[in-house]
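J.: Each protein sequence line maps, in turn, to chains H and G. Following full-length UniProt numbering, the numbering of the first sequence begins with 1 at its first residue and continues without gaps. Following full-length UniProt numbering, the numbering of the second sequence begins with 1 at its first residue and continues without gaps.
Source of the hints: derived by calculation from the structure; they are not laboratory data. Cβ atoms here follow ideal geometry from the backbone N, Cα and C, with glycine treated the same way. Misleading hints may appear alongside valid ones.
BS3-like cross-link-like pairs, simulated, lysine-lysine; straight-line CA separation at most 25 angstroms [to be verified]:
no., chain 1, residue 1, chain 2, residue 2
1, H, 208, G, 358
2, G, 268, G, 212
3, G, 127, G, 154
4, H, 208, G, 359
5, G, 367, G, 295
6, G, 34, G, 127
7, G, 362, H, 208
8, G, 356, H, 208
9, H, 206, G, 321
10, G, 127, G, 68
11, H, 208, G, 321
12, G, 165, H, 264
13, H, 301, G, 165
14, G, 127, G, 165
15, G, 186, H, 208
Some, not all, of what chain G presents toward chain H, calculated at C-beta under 10 angstroms [stated by the list, open to error]:
no., residue
16, 38
17, 266
18, 342
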Amino acid sequence: MELYLGIDVGSVSTNLVLIDEDNNVHESLYLRTRGQPIRVIKEGMQILKEKYENKVSIKGVGTTGSGRYLAGVIVGADIVKNEITAHAIATTTFVPEVQTIIEIGGQDSKIIIIRDGVVTDFAMNTVCAAGTGSFLDQQASRLNIPIEKFGELALKSTVPVRIAGRCTVFAESDMIHKQQLGYKVEDIINGLCEALVRNYLNNVGKNKEILPPIVFQGGVAANRGIREAFARALGQDIIVPKYYNVMGAIGAAILAREATNGQKTNFKGFAIADYNYETRSFECTYCPNHCEIAEISEEGKVIGRWGGRCPRWEVI
Amino acid sequence: MKTLRITFPYMGNYVHAFRGLLEDLGYEVVMPVKPSKRTLDLGVKYAPEFSCLPYKIVLGTYLETLPKGVDRIVTSGGVGPCRAGLYASLHEKILKKMGYNVEFIVLEPPLVDLKGFYKTVQELNYKNYSLWYIYKAIKRNWRKIKALDTIEQKALFLRPRELTKGSVSAKYKEVLQYVINAFSEKEIAEAEQEALKQLDKIPVNLEKLVVKVGMVGEIYVLLEPSSNFEIEETIGHLGAEVKRSMFLTGWTRDNTLPGKSEELVSVKAAAQPYLPELIGGHGQDSIGNAILYIKQGFDGLIQLAPFTCIPEIVARTILTKISQEHNFPILTFFLDEQTGKAGMETRLEAFIDLLKRKKLQKLERAKGGNIDGALSWN
Numbered sequence: 001m002e003l004y005l006g007i008d009v010g011s012v013s014t015n016l017v018l019i020d021e022d023n024n025v026h027e028s029l030y031l032r033t034r035g036q037p038i039r040v041i042k043e044g045m046q047i048l049k050e051k052y053e054n055k056v057s058i059k060g061v062g063t064t065g066s067g068r069y070l071a072g073v074i075v076g077a078d079i080v081k082n083e084i085t086a087h088a089i090a091t092t093t094f095v096p097e098v099q100t101i102i103e104i105g106g107q108d109s110k111i112i113i114i115r116d117g118v119v120t121d122f123a124m125n126t127v128c129a130a131g132t133g134s135f136l137d138q139q140a141s142r143l144n145i146p147i148e149k150f151g152e153l154a155l156k157s158t159v160p161v162r163i164a165g166r167c168t169v170f171a172e173s174d175m176i177h178k179q180q181l182g183y184k185v186e187d188i189i190n191g192l193c194e195a196l197v198r199n200y201l202n203n204v205g206k207n208k209e210i211l212p213p214i215v216f217q218g219g220v221a222a223n224r225g226i227r228e229a230f231a232r233a234l235g236q237d238i239i240v241p242k243y244y245n246v247m248g249a250i251g252a253a254i255l256a257r258e259a260t261n262g263q264k265t266n267f268k269g270f271a272i273a274d275y276n277y278e279t280r281s282f283e284c285t286y287c288p289n290h291c292e293i294a295e296i297s298e299e300g301k302v303i304g305r306w307g308g309r310c311p312r313w314e315v316i
Numbered sequence: 001m002k003t004l005r006i007t008f009p010y011m012g013n014y015v016h017a018f019r020g021l022l023e024d025l026g027y028e029v030v031m032p033v034k035p036s037k038r039t040l041d042l043g044v045k046y047a048p049e050f051s052c053l054p055y056k057i058v059l060g061t062y063l064e065t066l067p068k069g070v071d072r073i074v075t076s077g078g079v080g081p082c083r084a085g086l087y088a089s090l091h092e093k094i095l096k097k098m099g100y101n102v103e104f105i106v107l108e109p110p111l112v113d114l115k116g117f118y119k120t121v122q123e124l125n126y127k128n129y130s131l132w133y134i135y136k137a138i139k140r141n142w143r144k145i146k147a148l149d150t151i152e153q154k155a156l157f158l159r160p161r162e163l164t165k166g167s168v169s170a171k172y173k174e175v176l177q178y179v180i181n182a183f184s185e186k187e188i189a190e191a192e193q194e195a196l197k198q199l200d201k202i203p204v205n206l207e208k209l210v211v212k213v214g215m216v217g218e219i220y221v222l223l224e225p226s227s228n229f230e231i232e233e234t235i236g237h238l239g240a241e242v243k244r245s246m247f248l249t250g251w252t253r254d255n256t257l258p259g260k261s262e263e264l265v266s267v268k269a270a271a272q273p274y275l276p277e278l279i280g281g282h283g284q285d286s287i288g289n290a291i292l293y294i295k296q297g298f299d300g301l302i303q304l305a306p307f308t309c310i311p312e313i314v315a316r317t318i319l320t321k322i323s324q325e326h327n328f329p330i331l332t333f334f335l336d337e338q339t340g341k342a343g344m345e346t347r348l349e350a351f352i353d354l355l356k357r358k359k360l361q362k363l364e365r366a367k368g369g370n371i372d373g374a375l376s377w378n
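All chains should be modelled from the sequences, with the hints used to inform the complete structure.
T.: Set out below in structure tokens:
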């Protein structure tokens, strides 16, 4: 079987998918990055290796997410693409009539406006991480509630409680204040969901024409409380696609198929799961810029460098 | 008479012309160094927290230069209600407090107060050269600024079309030296010609489909690449041509000659329906230029603004409306002390992708069919 590999290395999760020519998803892995992107990429490749080595042929690889360049040199990507384009490609493939994409991940949230199948506008959160997965994670663990149950609990709320959503620091102190006054936990959680949605619509979604169909994806789309809060705030149905948490990776795989277009892939093979990767960083002293250069080597050989403001270190 | 040592803020290639002019006036110039991480660290440490990025970079630059021994600093003031106009006084206060005894000479735009401008020039002219001599010196160095601008614009045009990534940037850096080292007007003109000739030799693909992006915003972050992560170069490498709304040749003309330049008058006129008031800084220019770029058929616009810059914040809210009315993509970057270039790259890449797909769709519609293959982004 001929498949395409898509890898999305995000701050919180690293996702790998395998799709075929007709966009059928054969495998989707959702792994926690835990601050160690290289290790998790190898871990993912190891899982794929055990299941697929010698059974399938990988015809193309695409990477996306904040760790896309790193992943790109490790696996030998055919295309390295930003996550906005990758998400848009995946969603327009599965929901062709989509006009608005709401994507909330671990450290960032974005809105993508689509008209006639083409991205016409987008925005990413710039100033803070309020309203992203990490904050929800943090609050769930503070309240000692498994993150998977967090959203369900919000649905049990009967009394609306207002939580400040502009900033996570204020939100948290508001939540603690309400909890000490004796409000029920489900009402507080629901209040938090609504605050996050309000914050998203006022910041990321500001001045954007949010038209249906609206697709909600990214890790946070698993949270039913947030999903319902969006539906209430927008007065629209919210579509959560089947592969909501790996859409970026699917987009990268589709882009890889377009990029290779029958030509030979750069993919290094599943063997990379066993290679040894090392990174180091140093400060370049050739000019007053003092760029911080990061370097990655594979089996002792340098395969990539980043961080320079000039091309001095790009040549390997 | 003792020869005074003078310095000034770092701003793009123009420092070379400033240096020439001040040397002509009999100064020993202490060249500011290109702003680096260290410059910013110094600026951040001693500046008020809520001051903007240009303020911090300029303060950092002074703090790097002053230990070399400086008698005078020459800098510019500002027009209208933008706090940059007060920055020189605040810089002076902080530096005095730190024990640097340095004299500030602030050049206010001559149109605001011609008499005051003349007085400042005379103050700067401590060796009492004749007005004719000063006029000649200004004219010569003005020619240099024009040459620097011409070469830069050429590089902006060629970069997205280069066959080997980085070839334009490398050659550009090299040929700039020709102009920097030239002295007389004749030498400058020759150096400019030679530089353009060399740039034209770089292998490029002129048939390539390229999106055109206008760039507006606050003057310092527009003109000093180290303050904006070398955004023009990044955009060029993504396959888009940048046209910057501001070159010193345009700005200075508008603020010095009573007739005002043709180009700038229309910028103001273009901004009228949206922002009839001068709000300080370059807010009105950002609006006016956005409209002009739309009229000229550009594909998109990028606004660069220092974080907390009021004129650009006002401009941004109006740009949002302009973007909707004209179906014209606009991306704003607020720049601060952060050093991570990744966030900007992600947004830029997505923005250029958006412009390319949009342009292709428009071209397809215009031709009434698929034009794939006929045009190429590569």
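J.: None of the hints should be skipped; say for each whether it holds.
T.: Now the hints, each set against the structure:
1. H:208 - G:358: Holds. Residue 208 of chain H to residue 358 of chain G sits at ~18 angstroms (cutoff 25 angstroms).
2. G:268 - G:212: 22 angstroms, holds
3. G:127 - G:154: 38 angstroms, violated
4. H:208 - G:359: 21 angstroms, holds
5. G:367 - G:295: 21 angstroms, holds
6. G:34 - G:127: Violated: residue 34 of chain G and residue 127 of chain G sit about 29 angstroms apart, past 25 angstroms.
7. G:362 - H:208: 22 angstroms, holds
8. G:356 - H:208: Holds - the C-alpha atoms of residue 208 of chain H and residue 356 of chain G are around 21 angstroms apart, at most 25 angstroms.
9. H:206 - G:321: 12 angstroms, holds
10. G:127 - G:68: With a Cα-Cα distance of about 23 angstroms, the restraint between residue 127 of chain G and residue 68 of chain G holds, given a limit of 25 angstroms.
11. H:208 - G:321: Distance of about 11 angstroms is within 25 angstroms: holds.
12. G:165 - H:264: Roughly 23 angstroms between the alpha carbons, so the hint for residue 165 of chain G and residue 264 of chain H holds.
13. H:301 - G:165: Distance of about 24 angstroms is within 25 angstroms: holds.
14. G:127 - G:165: 49 angstroms, violated
15. G:186 - H:208: 54 angstroms, violated
16. 38: Interface hint status for residue 38 of chain G: holds (7 angstroms vs cutoff 10 angstroms).
17. 266: 27 angstroms, violated
18. 342: Because about 6 angstroms separates residue 342 of chain G from the closest Cβ in chain H, which is inside the 10 angstroms limit, the hint holds.
When the structure is compared with the earlier hints, violations turn up for hints 3, 6, 14, 15 and 17 and for no others.
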